[in-house]
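Novice: One letter stands for each residue in the lines below.
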Amino acid sequence: MDWMQSLRLAAPEELLSISGLVLLLASAWGQTAKDARAVNWLAVLVLAGAAAMVAPTLCQGIGGEAALAFGGLFSADAFAAFAKLLIFAAAGASLLVAPAFFERHGGYRAEFPVLVLFAVLGMCLMVSSTNLLTLYVGLELNSLAAYVLAAFLKADERSAEAGLKYFVLGALASGILLFGMSLTYGFTGTVSYAGIAAVTNAGLSKGALFGLTFMLAGLAFKISAVPFHMWTPDVYEGAPTPVTTFFASAPKVAALALTIRVTIEAFGGQTAAWQQIVGFAALASIVVGALGAIGQKNIKRLLAYSSINNVGFMLVGLAAASSEGVAAMLVYLAIYVPMTIGGFVAVLMLRDESGHQLEAISDLAGLSSTRPLIALGLGSVMFSMAGIPFFFGFWGKFVVFQAAVAAGLLPLALIAALGSVIGAFYYLKIVKVMYFDEPAGKATGHSDMVHDWLLAVSALFISPLGWLLTKGLGALAAIAAGVLFAAT
Amino acid sequence: MITALAFYLFAGLTILAGALTILARNPVHSVLWLIMAFFNAAGLMVLLGAEFIAMLLVIVYVGAVAVLFLFVVMMLNIDFAELRAGFVRNFPLGIAVALVLLAEIVIGLGAVGQGGIVLGTADGSAAVPADMSNIKAIGMLLYGKYLFLFEAAGILLLVALVGAVVLTHRKRAGVRPQSVPRQNARRPQDATVNVKPEVGKGVSL
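Residue numbers (this note's numbering), protein chains in the order written: chain A, 40 to 527; chain B, 888 to 1092.
Misleading hints may appear alongside valid ones.
Short, incomplete list of chain A residues facing chain B, as computed with Cβ under 10 Å [to be verified]: (1) MET43; (2) GLN44; (3) SER45; (4) ALA49; (5) ALA50; (6) GLU52; (7) LEU63; (8) ALA65; (9) PHE157; (10) LEU160; (11) LEU172; (12) VAL230.
Derived DSS-like pairs: lysine-lysine, alpha-carbon spacing no greater than 30 Å straight-line [what the hints assert, rightly or not]: (13) LYS193/A - LYS1032/B; (14) LYS481/A - LYS471/A; (15) LYS468/A - LYS481/A; (16) LYS1058/B - LYS73/A; (17) LYS204/A - LYS1058/B.
Please keep in mind that the hints were generated in silico from the structure rather than gathered at the bench. Glycine included, each C-beta is placed from N, C-alpha and C at the ideal position.
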């Protein structure tokens, strides 16, 4: 194995880990809020740098042998690059909004951006994994950092509860995943996806089927697909809002990309074995996500159910088990990330006179008259999530359904479309509360520039103007998905 | 011949130490017997040619786990007499659990007799080369082929460490840490005052 070649392929990950270590040292001495802000900006710069290093891989559509590093333990292919770009963007946006939030809640600390960087490193390993070992190390690196981030506000009881809940349930899910991995290893005799595919193409033994099922259960927890979604609303509500922004975007991308890799690369020859599982999880997520959100009074809980709902739509694309399906999923992810970030940034901007965060939906009443721009931004996020035509979110749903129908899953697509109608109800309810209810007059506090810009950018991206991007985005997603299917 | 003798020695002592672990009245003695059982199990592993696992048993189980047990037993004030008080009452339940375990072993052996589960064949990437001890072979894999994952696992442990500190560390009032630069910068004239109090007035500090 050529070490130089390997190091070159994994350069973004090396940049992340080295700068994470350096910033960790810096944060050991820089204890003030000002130092923390500086570390935060440096972390954002590092993410931007890593994104710049990854982008060429995607554009050139590198895949197969040329992308393998470290003797086949790591694959820097175009598919991983697509997911990494989304992860870097989501993590960067979450970092941008973090200092303002934490400074209002008793001080920002430089460990926050450092932990985010390491979580991002873990996610990079996840999406680049070519075997079960890299998968697990990456997943745990991401999860361990995430548990700490959820409990980052030590003085806040809800944050501590969220962290503990996430930790206990996450450890259980990791155990289930590990159990599935050990069964898969035992019955196929190898940990590499290519090796597993070679064995299972000849026929799936009972034991390997059990392994696959347990692995999918563990992964379903990480992407918060029904029936392993119970932790999501509690953790999203309790965790500090910038952390929730991060949870709802970056790890979702990583875990979904990982699920795609496992199902397509390792079990691609046994589609029938997992298609039903993924199809069920998709439908259940859509229905439970839509129904669960209706009664919510807290906007963060509502967005948590909405993320469950969105994961369901993405899994519809995976259930199609085709290159088009995976490309559709990637397009949906690329639209989902700015949508989610826009939604949570708008929530972060809702403050009362003394600067306290507002989270109740009733506080949104009449927002259009007090803060028209936030109302416009949040409104377009809601329209887009509901999949109202000509908002960009509609296109994501459209391509996913198109792929499902092309793969002969017409019933699945039909039920999913019906589910999106239920979902539209609560999204539109928020719009109604903001535009047609008597003003509650609570959200009067002001937010800083960074929030305004982030909301503006994401709102523009998901507005009908986003349609200008369809061609480029579709082409990139097709390249990324094509790389994955070229190998199998 | 000598191997058989060594095997019976280690195996017999393992069983003896295991029995004494659960029979000893004093919990500290139990832990010491457990350590002896671990040592003899390590001996059995050496006989099998698995030196690495033997080392692991001694270092991890004896060195860390058993000592940890010992600490817990000695530092926590557990009333073992009270724990044992319910023995007769719970005896039937204990017997039932033991029977279930026995039945599982019997069924398991029977199932193996009928032909075991067909596992996958290993791809050979972890096979021990003939001219190498298995410690060296594991080292070659860990620091060669899997170096990338080894380093990643290192970062994983670092994150766990940092996370634990972030969540538990807090600034406490009333602590007086040493500040070496401040100590060094202090001059005698800052620290002492020369006063000449009037007779009968005393000193004001």
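Novice: It remains to establish, for every hint, whether it holds in the given structure.
Specialist: Verification of the hints:
1. Given the 10 Å rule on beta carbons, the hint for MET43/A is violated: about 14 Å separates it from the nearest Cβ of chain B.
2. Interface hint at GLN44/A: violated, since its Cβ lies 13 Å from the closest Cβ of chain B, which is beyond the 10 Å cut-off.
3. Hint status for SER45/A: holds, given a least beta-carbon distance of 8 Å to chain B, under 10 Å.
4. Of the supplied interface hints, the one on ALA49/A holds, with its beta-carbon coming within about 8 Å of a beta-carbon of chain B, less than 10 Å.
5. The beta carbon of ALA50/A is not positioned within 10 Å of any beta carbon in chain B (closest approach about 13 Å), and the interface hint is therefore violated.
6. Against a cut-off of 10 Å between C-beta atoms, the interface hint on GLU52/A holds, since the closest Cβ of chain B lies about 9 Å away.
7. Look at LEU63/A: its Cβ gets to within about 7 Å of chain B, closer than 10 Å, so that hint holds up.
8. Evaluation of the ALA65/A hint against chain B yields a violated restraint, the C-beta minimum of about 13 Å exceeding 10 Å.
9. Hint status for PHE157/A: holds, given a least beta-carbon distance of 5 Å to chain B, under 10 Å.
10. Hint status for LEU160/A: holds, given a least beta-carbon distance of 7 Å to chain B, under 10 Å.
11. Hint status for LEU172/A relative to chain B: holds, with the closest Cβ pair at about 5 Å, below 10 Å.
12. Against a cut-off of 10 Å between C-beta atoms, the interface hint on VAL230/A holds, since the closest Cβ of chain B lies about 9 Å away.
13. A distance of roughly 41 Å separates the Cα atoms of LYS193/A and LYS1032/B; the hinted pair therefore is violated under the 30 Å criterion.
14. For the proposed pair LYS481/A and LYS471/A, the alpha carbon gap of about 17 Å is at most 30 Å, so the pair holds.
15. Distance hint between LYS468/A and LYS481/A is fulfilled; the C-alpha atoms sit about 19 Å from each other, no more than 30 Å.
16. Restraint check for LYS1058/B and LYS73/A: satisfied, since their Cα atoms lie roughly 18 Å apart, inside the 30 Å limit.
17. For the suggested pair LYS204/A and LYS1058/B, the alpha carbons sit about 26 Å apart, so the restraint of at most 30 Å is met.
Comparing the model with each numbered hint stated earlier shows that hints 1, 2, 5, 8, 13 do not hold.
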